[in-house]
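Enquirer: Sequence:
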Amino acid sequence: MNSSLIVGEGLLTLLSFSILLFVIYHFAWKPFNKNLEDRQQKIQSDISAAAKAKESSEQTKSELEERLTNAQIEANKIIRRANAEAEKLHDTILSETYQEQAHLIQSTEEDLELKRQSFARDMQESVVTMASAMAEKVLEREVSAQDHRQMIERFIQRLEQADEQTK
1 MNSSLIVGEG LLTLLSFSIL LFVIYHFAWK PFNKNLEDRQ QKIQSDISAA
51 AKAKESSEQT KSELEERLTN AQIEANKIIR RANAEAEKLH DTILSETYQE
101 QAHLIQSTEE DLELKRQSFA RDMQESVVTM ASAMAEKVLE REVSAQDHRQ
151 MIERFIQRLE QADEQTK
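Number 19 in the UniProt record's numbering belongs to position 19 of the sequence shown; there are no gaps in the numbering.
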């Protein structure tokens, strides 16, 4: 064959191959490369969004932990205040109870003293009456008012001495 034909075919093949490469580059390689770049940007933006979400969740977590700590501190304050108020109420009730008890004891002692004095007077009168009656019978005469008064005074003195000794 002819060498010019071989060269022409070689040139034609070279030209066809060059056109094919140009078409592939223009219609396939550029879109393919653009898709790869778009995908790379999407992956990069997803990674960035994930990092921001992680940072946001860590910030939220730290805020929640801080709130929880503050809530625990506040709860402890409330518990301490409640305990202090309960202790104060306990002390107040106890103090009032002791005061009422002391008042009741004093009132009872005063009542007992009044009853003791009343009983002593009643006894004095009974004893004086009985003593007068016995003295009249023993002496078989009526005891004069002066005698009666002296006997009563002596008897009262003896009772007072006996009362002081029993205290």
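Among these hints, one or two may not hold up.
[Unchecked claim] Capping the alpha-carbon separation at 20 angstroms, the derived lysine to any residue pairs in SDA-like fashion look like this:
(1) Lys54 to Asn70
(2) Lys34 to Ala51
(3) Lys30 to Lys42
(4) Lys88 to Gln99
(5) Lys115 to Ser126
(6) Lys61 to Ala51
(7) Lys115 to Ala131
(8) Lys42 to Ile24
(9) Lys115 to Lys54
(10) Lys115 to Ala51
(11) Lys30 to Ser18
(12) Lys77 to Lys61
(13) Lys88 to Leu104
(14) Lys61 to Ile73
[Claimed, not checked] The calculated label-pair distances, taken between Cβ atoms and stated as ranges, are:
(15) Leu159 to Glu110: 30 to 40 angstroms
(16) Ser126 to Ile93: 45 to 55 angstroms
(17) Asp46 to Ser18: 36 to 46 angstroms
(18) Glu96 to Arg154: 28 to 38 angstroms
(19) Ser144 to Ile105: 21 to 31 angstroms
None of these hints come from the bench; they were simulated from the model. Glycine is no exception: its CB is placed at the ideal position from the N, C-alpha and C atoms.
Enquirer: Next, verify each hint and record whether it holds.
Expert: Evaluated hints:
Restraint check for Lys54 and Asn70: not satisfied, since their Cα atoms lie roughly 24 angstroms apart, outside the 20 angstroms limit. The hinted pair formed by Lys34 and Ala51 fails the criterion: a straight-line CA distance of about 25 angstroms is larger than 20 angstroms. Proximity of Lys30 to Lys42 is assessed by CA-CA distance (about 18 angstroms); at most 20 angstroms being required, the pair is judged to hold. The suggested pairing of Lys88 with Gln99 holds, with an alpha-carbon distance near 16 angstroms, which does not exceed 20 angstroms.
For the hint pairing Lys115 with Ser126, the CA-to-CA distance comes to about 16 angstroms; that is within 20 angstroms, so the pair holds. Between the alpha carbons of Lys61 and Ala51 the distance comes to roughly 15 angstroms, so the proposed pair stays at or under 20 angstroms and holds. As the CA atoms of Lys115 and Ala131 are separated by approximately 23 angstroms, the hinted pair breaks the 20 angstroms bound. Of the pairs offered as hints, the one joining Lys42 and Ile24 is violated, with about 25 angstroms between alpha carbons and a cut-off of 20 angstroms exceeded.
Annotation: proposed proximity of Lys115 to Lys54 is violated, straight-line Cα distance about 89 angstroms (limit 20 angstroms). Between the alpha carbons of Lys115 and Ala51 the distance comes to roughly 94 angstroms, so the proposed pair goes past 20 angstroms and is violated. Restraint check for Lys30 and Ser18: satisfied, since their Cα atoms lie roughly 16 angstroms apart, inside the 20 angstroms limit. Among the hinted pairs, Lys77 with Lys61 is inconsistent with the structure: their alpha-carbon atoms are about 24 angstroms apart, more than 20 angstroms.
A C-alpha spacing of about 24 angstroms is found between Lys88 and Leu104, which places the hinted pair above 20 angstroms, so the restraint is violated. In summary, the hint linking Lys61 to Ile73 is supported, as the alpha carbons are separated by about 18 angstroms, within the 20 angstroms threshold. The beta-carbon spacing between Leu159 and Glu110, approximately 21 angstroms, falls outside the hinted interval of 30 to 40 angstroms. Range check, Ser126 to Ile93: Cβ separation about 48 angstroms, and the 45 to 55 angstroms hint holds.
The hinted range of 36 to 46 angstroms is satisfied by Asp46 and Ser18, whose Cβ atoms lie roughly 40 angstroms apart. Taking the beta carbon of each, Glu96 and Arg154 are about 50 angstroms apart, not inside 28 to 38 angstroms as hinted. A beta carbon spacing of about 47 angstroms between Ser144 and Ile105 contradicts the range 21 to 31 angstroms that was offered as a hint.
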